[in-house]
Amino acid sequence: MTYLFQQVLNALQLGSIYALIALGYTMVYGILTMINFAHGDLFMLGAFFCFLAATFLHLPFIPTLLIAMIGVAIVGVLIERFAYKPLRQAPRVSAIITALGVGIFLENFTLVFAPYPQSVPTLIKNTTWVIGGVSISSLQLIIIALSIVLMILLDFIVRKTMVGMAMRAISWDKAIVPLMGIPLDLVISATFALGTSLGGAAGVMYALAFPVIDPYMGVLIGWKAFIAAVVGGIGNIRGAMIGGFILGGVEILVAAFLPSTYRDFVAFTLLLVLLIFRPYGILGKPRPQKV
Amino acid sequence: MTNQPSSIKNWIERLGALWEKIVSNRKLLPILLVVGLLFSFAIPQFGLLNQYVVLIMIYVGINIILSTSLNLINGYMGEFSVGHAGFMAVGAYVSAILTTKVIPANLAPWLFPLVVIAGGVGAGLIGILVAVPSFKTRGDYLAIVTLAFLMIVKSVIENIEAIGGPRGIPGVTLLTTLPWTFIWVVITVWVIRNFVYSNFGRGVLSIREDEIASDLMSVNSRQVKMLAFVISSFFAGVAGALFAHVLQFISPRVFDIVKSTDILIMVYLGGIGSIAGSILGAVIFTILLEVLRPLGMWRMVLMPLVLVILMIYRPRGIMGLREFRWFVPGYDLFASKIWRKKKEAKDASAS
Chain A
13 MTYLFQQVLN ALQLGSIYAL IALGYTMVYG ILTMINFAHG DLFMLGAFFC
63 FLAATFLHLP FIPTLLIAMI GVAIVGVLIE RFAYKPLRQA PRVSAIITAL
113 GVGIFLENFT LVFAPYPQSV PTLIKNTTWV IGGVSISSLQ LIIIALSIVL
163 MILLDFIVRK TMVGMAMRAI SWDKAIVPLM GIPLDLVISA TFALGTSLGG
213 AAGVMYALAF PVIDPYMGVL IGWKAFIAAV VGGIGNIRGA MIGGFILGGV
263 EILVAAFLPS TYRDFVAFTL LLVLLIFRPY GILGKPRPQK V
Chain B
2 MTNQPSSIKN WIERLGALWE KIVSNRKLLP ILLVVGLLFS FAIPQFGLLN
52 QYVVLIMIYV GINIILSTSL NLINGYMGEF SVGHAGFMAV GAYVSAILTT
102 KVIPANLAPW LFPLVVIAGG VGAGLIGILV AVPSFKTRGD YLAIVTLAFL
152 MIVKSVIENI EAIGGPRGIP GVTLLTTLPW TFIWVVITVW VIRNFVYSNF
202 GRGVLSIRED EIASDLMSVN SRQVKMLAFV ISSFFAGVAG ALFAHVLQFI
252 SPRVFDIVKS TDILIMVYLG GIGSIAGSIL GAVIFTILLE VLRPLGMWRM
302 VLMPLVLVIL MIYRPRGIMG LREFRWFVPG YDLFASKIWR KKKEAKDASA
352 S
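If you read the protein sequences in the order shown, they are chains A and B. In terms of our numbering, the first sequence opens at residue 13 and continues consecutively. In terms of our numbering, the second sequence opens at residue 2 and continues consecutively.
Note that these hints are calculated values from the structure, not bench results. Certain hints may be false.
Claimed, not checked - Simulated pairs of lysine-lysine, DSBU-like, Cα-Cα distance not exceeding 35 Å:
1. A:186 x A:97
2. B:10 x B:28
3. B:28 x B:347
4. A:97 x B:342
5. A:97 x B:137
6. A:297 x B:260
7. A:186 x B:137
8. B:137 x A:297
9. B:342 x B:22
Predicted, not measured: the structure shown is a model, and the values here were computed from it.
All chains, full assembly: derive it from the sequences and hints.
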């Protein structure tokens with residue numbers, strides 16, 4: 013029983029990282045109906061910004077997190093301006109391929125400067141408490157709490173502020189809303205900044221939890237977070253949170269009770285089964301098709 | 002001063018005209034095929050080109066098979082499949098197991114075509130498994146299904162100790178030769194071209210444009226999807242079998258998501274819904290990667306930049322939805338000619 017609780021805690025930790033990345037996918041999709049496949053690599057950049065800030069500037073945890081989030085947000089907005097904006101009217105697939113290209117660019121650009129895996133210094137003094145046989149580390153608690161705070165903040169921004177209202181309006185109808193005086197480009201930039209900064213925050217947390225980072229770490233995690241976003245129903249912000257926690261939970265529990273090499277197999281088979289019964293994800297709604 | 006650019010422009014125009022002439026002349030196609038086959042035998046036989054160039058040519062051939070077969074799903078049917086490397090892995094493993102464990106080594110060169118076909122059939126059977134979810138889900142959700150399929154294939158291979166698990170199969174004999182690659186490329190292009198211009202192919206196109214409407218127009222969308230997936234995955238398996246026997250070592254790591262991304266890039270670089278585009282995309286991508294090799298690590302920085310710039314200025318890829326006249330059947334050309342004439346006559350009478 014204590015073993016199970018231990019694994020649930022691990023699942024919450026991994027799940028919150030997945031959920032933060034999945035939020036970036038789902039926000040961009042909601043506004044542009046485009047899958048930003050470079051998002052996994054922006055997550056990787058977040059980890060590397062954290063590494064740079066912690067190693068060369070010797071900053072404590074909070075400034076490091078802020079630097080990583082702002083840095084990744086700037087990169088995200090720049091990518092949107094120079095790579096995705098010219099393609100808004102183009103067929104959807106060319107935007108997707110451009111996103112894949114941007115992702116490969118980010119990976120290899122980082123690889124040129126960091127050819128070997130780098131180890132991130134410990135920013136948070138890790139103390140472990142044992143409560144009823146379950147060992148809880150302060151790092152785990154901080155990661156889970158921080159990501160929940162970030163998610164509540166995002167939910168607040170999207171639901172209660174003017175920018176959030178504009179975002180929801182644009183995802184509803186991209187043609188009419190700019191006519192009402194809402195600056196389309198600004199709102200899209202804001203969406204990218206928000207979504208990618210969450211990815212950057214996830215990168216920092218990942219780098220703290222698993223302190224060896226390399227330029228290719230974003231590929232697999234990015235794809236998995238995309239799966240989490242789709243499982244929750246892509247375009248739906250609360251769905252992405254749920255999807256992230258489900259994916260994290262399934263992965264950790266499979267690894268806990270079965271040989272760990274079965275992890276991907278069982279996790280993905282379960283996801284396939286889920287998609288067969290709910291083809292539009294957990295919270296997604298099927299769009300009416302017109303002929 | 003002004004003379005210099007204009008003469009270059011002239012040259013380009015002349016070259017373009019020559020290219021247009023070759024491409025539009027259908028009678029040249031059989032001659033080119035025979036010449037190509039002869040060359041594919043002659044080059045390794047007499048050592049006309051060095052080993053490195055021959056190897057690159059084999060890779061170009063394999064990539065043409067991969068991109069053409071993926072174009073059937075992603076270009077003609079308009080789905081977004083990212084699991085092509087998974088089919089390739091199945092074909093590679095089936096064929097490599099056959100040549101290393103089942104067939105005696107002295108017979109292997111003779112049975113190689115059968116081995117390749119076996120690899121293709123293995124992948125085709127798995128293709129049915131992916132086709133079934135495609136009946137219900139479309140778009141991004143089908144992309145997830147193919148992605149999950151790729152991960153599952155990789156994970157299953159890693160967990161079977163009998164075929165090497167994560168270590169893979171070393172010591173596969175070198176059986177893929179230039180003539181075999183050439184023959185398989187021709188077969189792939191021929192089959193897929195004929196499929197696209199057959200009744201089923203029209204069904205595939207109509208599903209891309211509008212699935213519900215094509216259902217109403219009595220297209221059997223399940224049958225069409227099934228056929229398209231099976232044919233596509235069959236040729237991916239063929240390419241995997243050829244790939245395994247030229248690389249001589251396979252492991253699950255070779256067939257990861259990066260491999261799938263490479264194939265996707267080739268397809269969209271060349272342009273969707275165009276066989277000529279797939280061929281051009283594969284050739285340009287493979288050769289460009291080799292040419293840029295002296296740049297070392299900066300190669301993979303430059304390559305995606307080129308891709309992004311190309312996508313911004315030509316969002317449909319090089320050949321998007323257009324086709325060489327070689328690949329278009331005669332009656333199609335004839336029909337479009339009549340259609341154009343009628344339209345011109347109508348426009349003339351209207352004005």
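Outcome of the hint check:
1. A:186 x A:97: holds, 14 Å
2. B:10 x B:28: Satisfied, since the Cα-Cα distance of roughly 29 Å is no more than 35 Å.
3. B:28 x B:347: holds, 33 Å
4. A:97 x B:342: violated, 40 Å
5. A:97 x B:137: holds, 32 Å
6. A:297 x B:260: holds, 33 Å
7. A:186 x B:137: holds, 28 Å
8. B:137 x A:297: holds, 15 Å
9. B:342 x B:22: Status holds; Cα separation ~22 Å.
Consistency with the previously given hints fails for number 4 only.
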